[in-house]
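Residue numbers (mature numbering (1 follows the signal peptide of the UniProt record, and there is no 0)): -21 to -1, 1 to 399.
Calculated directly from the structure, the hints in this document are not laboratory data.
Worth double-checking, as some hints may not be accurate.
Stated by the list, open to error - If you anchor each label on the Cβ, the simulated ranges turn out as follows:
hint, residue 1, residue 2, range
1, 5, 330, 40 to 46 Å
2, 369, 224, 52 to 58 Å
3, 224, 368, 56 to 62 Å
4, 368, 11, 55 to 61 Å
5, 66, 159, 34 to 40 Å
6, 118, 343, 28 to 34 Å
7, 360, 302, 35 to 41 Å
8, 300, 83, 31 to 37 Å
9, 330, 14, 21 to 27 Å
10, 47, 377, 41 to 47 Å
11, 66, 343, 26 to 32 Å
12, 330, 118, 38 to 44 Å
13, 224, 305, 49 to 55 Å
Claimed, not checked - Using 20 Å as the maximum straight-line C-alpha spacing, the simulated PhoX-like pairs for lysine-lysine come out as follows:
hint, residue 1, residue 2
14, 62, 343
15, 87, 335
16, 343, 379
17, 87, 62
18, 87, 379
19, 64, 335
20, 379, 335
21, 87, 343
We put the CB at the ideal spot given by N, CA and C, even for glycine.
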Amino acid sequence: MVGAAALRAALMLAACCVALGIGPAWYSCDPEKCQLPECVCASDSAPGALAPDDVPQFILLTHDDAITAATDANIRAVITNHKNKNGCNMPATFFVLKKDTDCELARKFYEENSELAIHSTTHVQLTEPFPGGPDALAAEMFGARDFLNQTCGIPLEDLVGFRTPLLAHNPPVRQALAKAGFLYDSSIPEVWPGASSPNATARLFPYTMDYGIPQNCAYFQGARCEESERYPGLWQVPLLEMEQPGGELVAVMDPGQQAEGGLGYGANVTEAGLSADALEELLRTNFDFSYNGNRAPFGLYVHTPWFTKDTIEGTNRFLEYALQLDGVYAVTVRQVIEWLQDPVPVSEMDAWLQCKDVNVHTVKSGETGGVIAGIYGVSLADLAAANNGTDLNVIGVGEKLNIPPFDDSCKQQGGSTNDS
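Using the sequences provided together with the hints, build the complete structure.
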């Protein structure tokens, strides 16, 4: 019997052999000219000439739409139960809608190592042409970025990703992203088998659009690409489709719905139709395709209404399984791109994957040292000691305080998510 390591090696070798020929006949990317970190050709193998077992298997949990109290409760019902092997807490990537987003909840996720990206202002479909022209399109696309920066206090340099509402992408959307200086878009579903993903174990990695978009954009309703499109330095992070164990496609988002002819989408889902057991099996099966294959990043893409008792239980069971395997890390979309720009082997990942201190509290208006100590049930003396003797009588709004127990391990390993 062929071992798993040998199987992965053979699959990766095969992927390397076809990497330069991936995609439709018109797509041609010269790897001698397309060099990291600014450029990488579309490929079904990881960059960096790493041995198969040296490629980390990334897991992405992404959420679309507003961050509300329900979002907060449901996402935390998953991510607070899991950590990476180096102790860093599990993050999520939020493609944020301005409408109905709670700034405080969004900021708290950001402070706890999750990524905030952009999803638009009101969630209207970004049609082509867009009513009002390019200026109106940009205002609708980037209203959430302005809101997160100006109202919620998130630095612009950390708001670098975008996903279109309804996954209805087109050339004007990408032109606006390139003009605005975004790092990446993640709006194009990737189905297999196909020219850019030959099979389940050789699926497309994220790539830059310097030489075009080799994916089958016509697969998804309301989406369009042109062969002439070129966006130097702008990354595309594909949404990998999943198949049920019997081979049927499931919707690219909110798994549990049936996708018919590639048109299924979970924007209006009220709940997933899968039991915890069925969801766990679905996620494990599709994750194993990547893990035992080319290790393309594995994503679970959801909306708040998708969460039920069953989906939370099934997702948690899957993550317990996946995160105990060698070389598996739960990260943000931006972290995947940062790794692709300068790949390191699995043996260096514990040091490479950094996380911000999360045993922290951001001082809010009207709060005193005594109030904060009371929130966490610690003494004022211990709170002062954890902050190097800071005078808690003169703390300012926005100042960050370490919450005891706090030591250097909190800085390196994530700690518990205490911020209120």
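Has the given pair, residue 87 with residue 335, been kept, meaning a C-alpha gap of at most 20 Å? holds, 12 Å
CB-CB spacing for residue 224 and residue 369 relative to the 52 to 58 Å hint: holds, 56 Å
Look at the Cβ atoms of residue 5 and residue 330 and judge whether their distance stays inside 40 to 46 Å. holds, 41 Å
When you take the CB atoms of residue 360 and residue 302, is the distance between them in 35 to 41 Å? holds, 38 Å
Would you mind confirming whether the straight-line C-alpha gap from residue 64 to residue 335 stays at or under 20 Å? At roughly 16 Å apart (the allowed maximum being 20 Å), residue 335 and residue 64 satisfy the hint.
Pairwise beta carbon distance, residue 66 to residue 159, judged against the given window 34 to 40 Å: holds, 36 Å
Does the beta carbon distance between residue 224 and residue 368 stay inside 56 to 62 Å, or does it fall outside? holds, 59 Å
If I claimed the Cβ atoms of residue 330 and residue 14 lie 21 to 27 Å apart, would that claim hold in this structure? Taking Cβ atoms as reference, residue 330 and residue 14 lie about 25 Å apart, which means the hint holds.
So the hint says 49 to 55 Å: do the beta-carbon atoms of residue 224 and residue 305 match that? violated, 24 Å
Decide if the proposed pair is consistent with the structure: residue 87 and residue 379, CA atoms, cutoff 20 Å inclusive. Within the cut-off at roughly 12 Å; holds.
Between the alpha carbons of residue 379 and residue 335, is the straight-line distance 20 Å or under? Holds - the C-alpha atoms of residue 335 and residue 379 are around 12 Å apart, at most 20 Å.
A range of 55 to 61 Å was offered for this pair. Does it hold for the Cβ distance of residue 368 and residue 11? 57 Å Cβ-Cβ, so the 55 to 61 Å window holds.
In summary, the structure is inconsistent with hints 10, 13, 14 from the numbered list given earlier, while agreeing with the others.
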